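K.L.:
What follows is each chain in one-letter form.
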Amino acid sequence: MYDPTKIAALRERQEKWNQKAEAKLAKAPERKKGFTTISGIPVARLYTPGDLPGSDYEADLGFPGEYPYTRGVQPTMYRGRFWTMRQYAGFATAEESNRRYKYLLDQGQTGLSVAFDLPTQIGYDSDHPLSQGEVGKVGVAIDSLADMETLFDGIPLDKVSTSMTINAPAAVLLAMYIGVAEKQGVPSEALNGTIQNDILKEYSSRGTYIFPPQPSLRIITNIFEFCSRHVPKWNTISISGYHIREAGSTAVQEVAFTLANGIAYVEAAQKAGLGVDVIGPRLSFFFNAHLDFLEEVAKYRAARRLWARIMKERFGAQDPRSLMVRFHTQTAGCSLTAQQPKNNIVRVAFQALSAVLGGTQSLHTNSMDEALALPSQEAVQIALRTQQLIAYETGVTETVDPLAGSYYIEHLTNTIEAQAAEYIRKIDELGGAAAAIEKGFIQREIQESAYRYQKAVEEGERVVVGLNKFQVQEPKPTGLLRVDPVVREQQMRQLAELKGRRDNGAVAASLSALGQAARGEENLLPLILQAVRVYATLGEICDTLRDVFGEYTAVSTL
Amino acid sequence: MAGKKKIRVLAAKPGLDGHDRGVKVICYALRDAGMEVVYTGLRQTPEQIVTTAMQEDVDVIAMSVLSGAHDYLFPRVMELVRERGLNDVLVIGGGIIPDEDIPALKTAGIAEIFGPGTYTAEIIRYIQERARK
Chain E
1 MYDPTKIAAL
11 RERQEKWNQK
21 AEAKLAKAPE
31 RKKGFTTISG
41 IPVARLYTPG
51 DLPGSDYEAD
61 LGFPGEYPYT
71 RGVQPTMYRG
81 RFWTMRQYAG
91 FATAEESNRR
101 YKYLLDQGQT
111 GLSVAFDLPT
121 QIGYDSDHPL
131 SQGEVGKVGV
141 AIDSLADMET
151 LFDGIPLDKV
161 STSMTINAPA
171 AVLLAMYIGV
181 AEKQGVPSEA
191 LNGTIQNDIL
201 KEYSSRGTYI
211 FPPQPSLRII
221 TNIFEFCSRH
231 VPKWNTISIS
241 GYHIREAGST
251 AVQEVAFTLA
261 NGIAYVEAAQ
271 KAGLGVDVIG
281 PRLSFFFNAH
291 LDFLEEVAKY
301 RAARRLWARI
311 MKERFGAQDP
321 RSLMVRFHTQ
331 TAGCSLTAQQ
341 PKNNIVRVAF
351 QALSAVLGGT
361 QSLHTNSMDE
371 ALALPSQEAV
381 QIALRTQQLI
391 AYETGVTETV
401 DPLAGSYYIE
411 HLTNTIEAQA
421 AEYIRKIDEL
431 GGAAAAIEKG
441 FIQREIQESA
451 YRYQKAVEEG
461 ERVVVGLNKF
471 QVQEPKPTGL
481 LRVDPVVREQ
491 QMRQLAELKG
501 RRDNGAVAAS
511 LSALGQAARG
521 EENLLPLILQ
531 AVRVYATLGE
541 ICDTLRDVFG
551 EYTAVSTL
Chain B
1 MAGKKKIRVL
11 AAKPGLDGHD
21 RGVKVICYAL
31 RDAGMEVVYT
41 GLRQTPEQIV
51 TTAMQEDVDV
61 IAMSVLSGAH
71 DYLFPRVMEL
81 VRERGLNDVL
91 VIGGGIIPDE
101 DIPALKTAGI
111 AEIFGPGTYT
121 AEIIRYIQER
131 ARK
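Quick note, the sequences are listed as chains E and B, same order.
Just so you know, we're using this note's numbering here: the first sequence kicks off at 1 and counts up by one.
Just so you know, we're using this note's numbering here: the second sequence kicks off at 1 and counts up by one.
Bound conformation, chain B alone (with noise of 0.2 Å):
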């Protein structure tokens, strides 16, 4: 393929919270940016989200969470990230998240936090301003 190469991002759904229609919003949007997306589905483990993401060598992970199991899931999957070697992997997260939460999930290595009534525009700036290239 000529020119540069698609940003791919796994979009992923951690734990039990059924609540999709962000992500999925995310997905379509991500993809009209023209990016690659692969959605993991709902109920998935850190450990499944961390081994969908190397075997689809994606540059970026995007995880929703309405539940507020962010607390556990976030840092889980980021431990995960790092015992993996995926350091250069942006991974970013959305949904139901106080803000006084924010600053233990940045410390974590999530490197942004998108609350409700943020702009797929923005999320798409961001990763494409962030992304491994």
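Just chain E, same shape as in the assembly (with noise of 0.2 Å):
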């Protein structure tokens, strides 16, 4: 892109302009004595052509919607169509959570976003006895197709897209949702939306998981086969890199991991008999929006094109799509200090606007609310309030990744690229994600990487506005939501009238016949479809699926 005479002549006058600087230290020195990002990458005092020697445009730019997709995965980006404003929310009951879904969809939002409770999201009904003070609590309780069809009461699924956050039982309420889909007369090639389906992340960083990695990944295989034929505009997997960050990693090792996940399922798919090309365009990801606003900029910018160059030199792909980062974005949990809440909105509208820089598809923003506990609506309003803002009133939309070319965002973008790179080779040597994450690896260097964070904060090196630096005295927040904890007997209540009124003798032969097959190597999907038809619930589902194939045991890292 440059000329290399005069790169070099350039990088020696930049030399030169540095030790002038530095001269002046003596009597104004800088307010640091090295300065890093967030992650502790080394942040420079300037950067110029001269911190991109052998850049290459074309190759390592191109243009958006072209290989190697830096540049974004459309030609049009936001002049097109805006990023999709998906709120993640759920809670309680089915009922209540369809109210807080068609107010949603009510104020502009356009797509749901369903949050699952934790005996949901482990496969337990509201009645087993691990689920006594959870049930309701994260997000919504789902026991049966019946809970599903009250939670999308009134919502054409024809018509709205629905990301839903489940993982180990994915299977079964993505049957659950063409359940209810058959019941409106929509067949289920008209169905859009998510599953996060992401079990390799459970186990490193969430900690949702049922089954051992690998009838795991067999399930998950069985959901893309079956979706590849019945459900074909559906995002089978959201490769997740949030957790891994929300677990305290950094910017590099949250690209790292998540794309180690990534090749994971490829690999797994592949040897399932599926064509790289089959699955490549289905998979998405989804990635945290953090503190460090360029830093994350580039990140999104590093992590499309290396995964681009992974499906291409690693696995061959052809088809355009599957070279394609498609990502949702949420803004990072993490950061939001209880203290002075109200600055979290500042904070969530920091974020978003480097996920939008960045090029995400579809975005949620964190309620100011949320380290004290569920959101208000006042609060999520507020949310997705800032999203609209930037869409409609910053003008960042108006041309595609505006911030490329920049000195710093291109060094950046390679630092991250290099380093992810250096460690999905070492996540190979170790057998792959699964292998590092039964080895402990990726769990180990995760946890090292919060602790240093947190020790950054508690010696001051690291300034969180109101919580080590510029401190109130503040009331004690009200109104906070609550989960009424009557919740579960009503859930409780309704599962035990379900078992009493529906075909009980359907039910057993639906499940049977499911573990026959859990032993044996056909597609799980179809009958658990069944299963869920005639409303077997799904701890019976999840039941005599561990039945086959036991429960995933953590392994200590501490």
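Hints in this document: simulated from the structure, not taken from any laboratory.
Be a bit skeptical, because a hint or two may be false.
[Stated by the list, open to error] What the simulated footprint calls covered on chain B by chain E, stretch by stretch (three residues with Cβ under 8 Å from a Cβ of chain E suffice, anywhere in the stretch; the number is not a length): (1) 24 to 33; (2) 53 to 62.
[As the list claims (entries may be wrong)] Interface residues of chain E toward chain B, partial, derived using beta-carbon atoms under 8 Å: (3) R206; (4) A373; (5) A450; (6) Q454; (7) V483; (8) V486.
Note that this is a predicted model, so its numbers are computed, not measured.
Don't be surprised by glycine CBs; every beta carbon is placed ideally from N, CA and C.
Mind docking these for me? Both chains are given alone in their own frames, and the hints should help you get the complex.
P.N.:
Rendered as structure tokens:
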């Protein structure tokens, strides 16, 4: 891109300029001895073309919608259509969540995002002993198709796209969604949406696993295969760095561990006989928008380029859609402070802006009160308005990838890509992502980064406004959203009624057929769908699979 | 071993919550402060936690819950702590716990609740002052 002799001359000039600047430091020192990004990447005083040696515009950046997709996955980006504004919501009961979805759609939200409670995410019915205290707390409780029918009551499933944060039992919840669509007269081919379905990051970062890795990967590839035939528009997995980052990783680790998991899914699909261009186009990603604004912008760009190169060079993908990182972003929950919670509105705005400048396809903005409790309606509205302000008022959407060509952004993009590629090489040596998790490597890397960050905050090296600087005495927050403990009793009552009402013979037959299939090799999806249709519960279906597959035991990394 | 006996802490994740960043950071910090720390891992029932506390003969149980299930889980652990006669074990908690829930948890016997943003140094000091010697 630049003339090498000119670059050499420039680097010499830059070195002299640096020496001149340093000569003045004795009199006017800089704020810190060394500067780094929040992830620990060293940051120089100044960047110039001299910091981008050997850069090749066509090979490294190219054009939006073209390989290597550094500048975005679509040619027109937000000039065509804004990102999908998708607020994650769901609490207590299906009725209440249904009301919140209708409110959000009414407010101009363009996609639904369902949060399930922990028993649902771990495949327990509300009446299971381990569900005590957890029913309806972090999302909606779904025990059977009946709850799912209530959840989407009056919402035409051919008109909305729905993202479901569900992993270990993703096949069951997807089957329930198809079941609701059938009742609405909507064919599965018309359904739009995403299931998270990313079990590997559950083992390393999020914790809602059920089965061991091998049967889990089988279920995931069963979903890939079933959807390629029957739910072709569905995003069958959302490979998630979000939770890896929340667990404490750096930006580089977020990219590396996410893409390493992606590689594991592609390999599992290949082993199951699915070509890279069958599953490649249905992979989607999910990243965090953290505090270090420019590092985040560079991170999304680096992830896009690195994945495109992996898919092309490592897997030989041909279909352009296989090469693209299409991703959802959520602002960093871990960056919110319980102190002076209104400051979080501003944090979220910067984070959301970084995601937009990084070319996200969809976005969730956190609510200011989420370090304290589930978000209130007012807080959710401000969070959604933040996205609308970026889209309609800031002007950053009018041209594609506006920060490209910034020497610092391009340098950071290169650095993040190179360091992430190095991690992926290390993970390959360990036998891939699943093996690296079973050896505790990924967990240890993440938890050590988390501890380093905490120490930097406690030592005052890293300032958190309102927490370790600019503190105020403030009244205790009030009006926080609470979940009524009677939700569990209500859910248990409905479950008992359902079990009295349904055809229990058909349920038993469907479960026994599922168990048998699980012991063999056939695709489990049609059998799960059959069990769901006759109102077998989530817990019954997962227990059937637990009997065959066993349960995962976490490795100790402490 | 010469000198004072080390304080033994059971760091525990009761319930189904998978958020373990906080509890792991606490484990590192307490170890760096010279304590012996046993971590339960995820998805522990109150019964499992109290049984482990007895087996490991700990001075402190430090629990973390971010799912909102503290209102059931913390008092249930305290009930079992009393039933099993672990009266001199210091029990503390942390996570996403609304201020208005704290009085009831303290009445149930949880000695202190540490919310988001708490420095590990504060928790270390608290344990050093209160744990049985």
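K.L.:
Hint by hint, which ones does this structure get wrong, listed from lowest number up?
P.N.:
Violated hints: 2, 8; rest satisfied.
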